[in-house]
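Assemble chain B onto chain A, guided by the hints.
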Amino acid sequence: MTLAETTARESPKSAAGMAKVALREIGLRYYTRAGEVEALRDISLDIHPGEFVSIVGPSGCGKSTLLSLIAGILQPTSGSVLIDGDPVTGPSQSCGYMLQHDHLFGWRSILQNVLLGPEIQGLERSAARNFARELLGRYGLAEFVDHYPHQLSGGMRQRAALARTLCTRPEVLLLDEPFSALDYQTRLAISDEIGLILREEGKTVILVTHDISEAISMTDRVIVLGRRPGHVKSEHHIAFPSVPGGRPSPFAARSAAEFGSYFKVIWDELDVHVAT
Amino acid sequence: MSQPETRTQPSEGFRAYLAGLRRESRRVRLMQALAIILFLALWEIAPKMQWVNPMLTSNPSAVVEIFFTMARENNLALHVWVTFKEAVASFFVGMVSAVLIAMALWWSNFLYRILDPFLVVANSLPKLALAPIFYIWLGDEWSVYGIAIAISVFITILMVYGGFRETDADKIKLVRTFGGSKWQVLAKVVLPANIPVMIGALKINVGLALVGVIAGEFQASKAGLGYLIIYGSQILQMHMVMASIAILAAMSVVMYMLIALLEKSVVHDRT
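Chains A and B, in that order, give the protein sequences. Numbering of the first sequence is given in the working numbering, commencing with residue 1 and proceeding in unit increments. Numbering of the second sequence is given in the working numbering, commencing with residue 277 and proceeding in unit increments.
Chain A with its partners taken away, still in its complex shape:
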């Protein structure tokens, strides 16, 4: 997929101004016996259909919490989350969530794991089965449908987890540091692969990560969150005009000319003080 094609697909909808996911002045407080914590303050964001956005920030800035709010498993204290203009009041079936670890269930075969979502949502069985097999086939796991998770490598497990997420046909994908548990090489390979898959599927994707390189190489826009309470610090549109043929693959993007300057800017934004 080239940048030109991507833009062609997105632009009419985004021009219409209807955000796929909209956060309106989100605030979140939670209470424990130890006291009251203001986790998020006044967060407003528009994410357009087909856009691939990343959220980076120091640990504890509430990036994962933000995903839980969009997924509807948590309600904000103030403000609202809109998907396609409709407020989210409970777990939303249009969202797919990918967690840090694959969390494949050891007692289910790979196929049964992928069918977890359709099973919970009561989708039609045989259609779901066919789709699950199709997805697994597409991700090179056709021979492993009846295997159990412990028989698969880390990268294969992560692809199975992706198939599980996509099997309910979500329009919005929420990725919560989905590659951070993998070793470095697998991580580069699988993020490259999954990045391409998600672009081909034309999904709206929100990736939470603490890895700046991952954010720059995979996504169209990087949103930097600040800490205590979590707030939007800055946004960076990512493009690689120096690379011919449009948007480079995540792997190629890492060696593009613009990569270094994006990295420097976002690194400074994150304001990391290792010494203190």
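Hints listed in this document are in silico derivations from the structure and should not be mistaken for laboratory results. A portion of the hints provided could be inaccurate.
[Stated by the list, open to error] The calculated lysine-lysine pairs, modelled on DSBU-like cross-linking and capped at a C-alpha distance of 35 Å, are:
| # | chain 1 | residue 1 | chain 2 | residue 2 |
| --- | --- | --- | --- | --- |
| 1 | B | Lys458 | B | Lys447 |
| 2 | B | Lys449 | B | Lys361 |
| 3 | B | Lys540 | B | Lys458 |
| 4 | A | Lys233 | B | Lys540 |
| 5 | A | Lys233 | B | Lys447 |
| 6 | B | Lys324 | B | Lys458 |
[As the list claims (entries may be wrong)] Label-pair ranges, simulated between beta-carbon atoms:
| # | chain 1 | residue 1 | chain 2 | residue 2 | range |
| --- | --- | --- | --- | --- | --- |
| 7 | A | Arg138 | B | Ser373 | 43 to 53 Å |
| 8 | B | Phe290 | A | Gly90 | 23 to 33 Å |
| 9 | A | Ser80 | B | Ala463 | 28 to 38 Å |
| 10 | A | Phe263 | B | Arg299 | 39 to 49 Å |
| 11 | A | Ser80 | B | Ala536 | 37 to 47 Å |
| 12 | A | Glu38 | B | Ser373 | 39 to 49 Å |
| 13 | A | Gly246 | B | Ala463 | 43 to 53 Å |
| 14 | A | Asp86 | B | Asn385 | 31 to 41 Å |
| 15 | B | Pro393 | A | Gln75 | 27 to 37 Å |
Bear in mind the structure is a predicted one, so any value in this text is a computation, not a measurement. Glycine included, each C-beta is placed from N, C-alpha and C at the ideal position.
Just chain B, lined up with the frame of chain A:
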């Protein structure tokens, strides 16, 4: 890939390594057999040589003999059946009710907070102290079940509930992101993830149910291996006591092995 590399042509060293492993397990089994033979021989010879009083210790050949005599004259099969039936039934009832109660506690933290101190006291109370009460309330037959269930149920509730609580929060979150209800969280994650915990509880309960059943039979019953042991000791028939204990040991091994088989068929992998 998690499987080790399998080579078509195992090397000399690898074959030697495997042979070494086999040799060692053969030696372990040989030593175990020797230990049993030594024990039986000593048990047989010591009373015969009058090193110990044969009236007090009995001996293997007499135990085997009385086993057949009892089988012919004392309706041994009935006694074995009674104890077995009592143990299995209490085991089953104790386990099912404990899992149901653990589910209720998991469902409502409020309920857990109310019941927690009572459960802790009930668990640490020596349940055998309740035997006379059960006898008065339930009579000679049902009190056996009462004691056996009381012994196993509280520890099982605490074990299984502990497992439920420890269930990976992210796996629960995963089900919730798909829009799963609390029932679905229970059915799709909490229960299946805790099958190993429940099987662990089953293994402990085999022993506990037998303790309860035997104690109950000591108290009052008219049949069962516990009855035979008490009866045998009262008439100083040590052969009968020893034979009953041997059967009891065999019964617990068989029940334990059945659970091990169940475990093998249910838990095919753990990551």
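Consistency of the hints with the structure:
1. Lys458(B) to Lys447(B): holds (13 Å)
2. Lys449(B) to Lys361(B): Violated: Lys449(B) and Lys361(B) sit about 43 Å apart, past 35 Å.
3. Lys540(B) to Lys458(B): holds (29 Å)
4. Lys233(A) to Lys540(B): The given pair, whose Cα atoms are some 54 Å apart, is violated under the 35 Å limit.
5. Lys233(A) to Lys447(B): holds (32 Å)
6. Lys324(B) to Lys458(B): Between Lys324(B) and Lys458(B) the Cα gap is close to 68 Å, so the pair fails against 35 Å, i.e. violated.
7. Arg138(A) to Ser373(B): 43 to 53 Å: holds (48 Å)
8. Phe290(B) to Gly90(A): 23 to 33 Å: violated (57 Å)
9. Ser80(A) to Ala463(B): 28 to 38 Å: Given a distance of about 32 Å, which is inside 28 to 38 Å, the answer is holds.
10. Phe263(A) to Arg299(B): 39 to 49 Å: Taking Cβ atoms as reference, Phe263(A) and Arg299(B) lie about 60 Å apart, which means the hint is violated.
11. Ser80(A) to Ala536(B): 37 to 47 Å: With a Cβ separation near 55 Å, Ser80(A) and Ala536(B) fall outside 37 to 47 Å, so the hint is violated.
12. Glu38(A) to Ser373(B): 39 to 49 Å: holds (46 Å)
13. Gly246(A) to Ala463(B): 43 to 53 Å: 47 Å Cβ-Cβ, so the 43 to 53 Å window holds.
14. Asp86(A) to Asn385(B): 31 to 41 Å: Given about 32 Å between the Cβ atoms, the range holds.
15. Pro393(B) to Gln75(A): 27 to 37 Å: holds (34 Å)
Of the numbered hints listed earlier, those contradicted by the structure are 2, 4, 6, 8, 10 and 11.
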